[in-house]
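Asker: Spelled out from the first residue to the last, the chains are:
2 protein chains.
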Amino acid sequence: MYQNDAFRALDRQESLRLLAKVPVGRVVYTRQALPAVLPVNFSLDTDSSVLLCTSPDSDLVGAIDGVVVAFEADEFDAATRSGWSVVVTGRATVVTDPAEHERLSRDGPASWMPLAGAAFVRIESQMVTGRELRPPGL
Amino acid sequence: MYQNDAFRALDRQESLRLLAKVPVGRVVYTRQALPAVLPVNFSLDTDSSVLLCTSPDSDLVGAIDGVVVAFEADEFDAATRSGWSVVVTGRATVVTDPAEHERLSRDGPASWMPLAGAAFVRIESQMVTGRELRPPGL
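Protein sequences, first through last, are from chains U and L. The numbers in this note's numbering rise by one with no breaks, and the one at position 7 of the first sequence is 666. The numbers in this note's numbering rise by one with no breaks, and the one at position 39 of the second sequence is 698.
Since the hints were made in silico from the structure, they are not lab data. Please note that a few of the clues may not be correct.
Identical copies carry no separate label here, and so any pair may be met within one copy or between two of them.
[Said to hold, decoys possible] Simulated crosslink set (EDC-like; lysine to aspartate or glutamate; CA at most 20 Å straight-line):
(1) Lys680 - Glu734
(2) Lys680 - Asp706
(3) Lys680 - Glu791
(4) Lys680 - Asp704
Use the sequences and the hints to build the structure in full.
Answerer: Here it is, written out as structure tokens:
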């Protein structure tokens, strides 16, 4: 739906403000040379990086630690054919610093699934792009 | 949220049935060696391939024609921490056959944006995976 000029580009601040409104986004990465995508709940850290909480031995952690990934969130309304999407592109790293891990255990995202142990993944918000699609005629 | 056994794998038929319920999904591909993702409205063809309608000269068409991409859709409810996601992985191709183009102009997806001309992209449902996350305790 974003292939011509009927959308409005959002700046970094607008994009991050919208991103903070939704609980779930999608990690986009490469797995065995194929495009892969996984929905996850998340939160934004004080430096606007995206924080995920997952199992330390998950396939996701193995696939994205140290790698540039995209993280996407959106909201669309089919009735009005309008909405927005935001993509954060940046390096994903597993949090290894003990003090940082402790801070995120208190203030970071909680997994929606019961986990034996928590691994936090940070996606740096090196590039943030957003687009808004308005209802036709507005 | 999908990193352990608290989700249920969905079979191909369940996955396609859920996919047919939602108007918008996300094309996942590679652009300039980086992971890329673009939300688009779509429909399912009679052979369960995913159909998109976009501008013939869009960046998306140039990036994915002839390439294996992933297409993802999901629905989650933060209140109950439950939902589902489906990923179709397969080759994307621009529809070039005139009769097929005419059929899709009648019965295929309509772009949410005004287009000067319509290009239809078909993503073959070579691999269809789905996962369901149930509310805790169910």
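Asker: Next step is simple, just say for each hint if it's right about the structure.
Answerer: Do the hints match the structure? See the list:
no.	hint	result
1	Lys680 - Glu734	both (10 Å within a copy, 16 Å between copies)
2	Lys680 - Asp706	within (16 Å within a copy, 37 Å between copies)
3	Lys680 - Glu791	within (15 Å within a copy, 23 Å between copies)
4	Lys680 - Asp704	within (13 Å within a copy, 34 Å between copies)
Hint compliance for this structure: no hint is broken.
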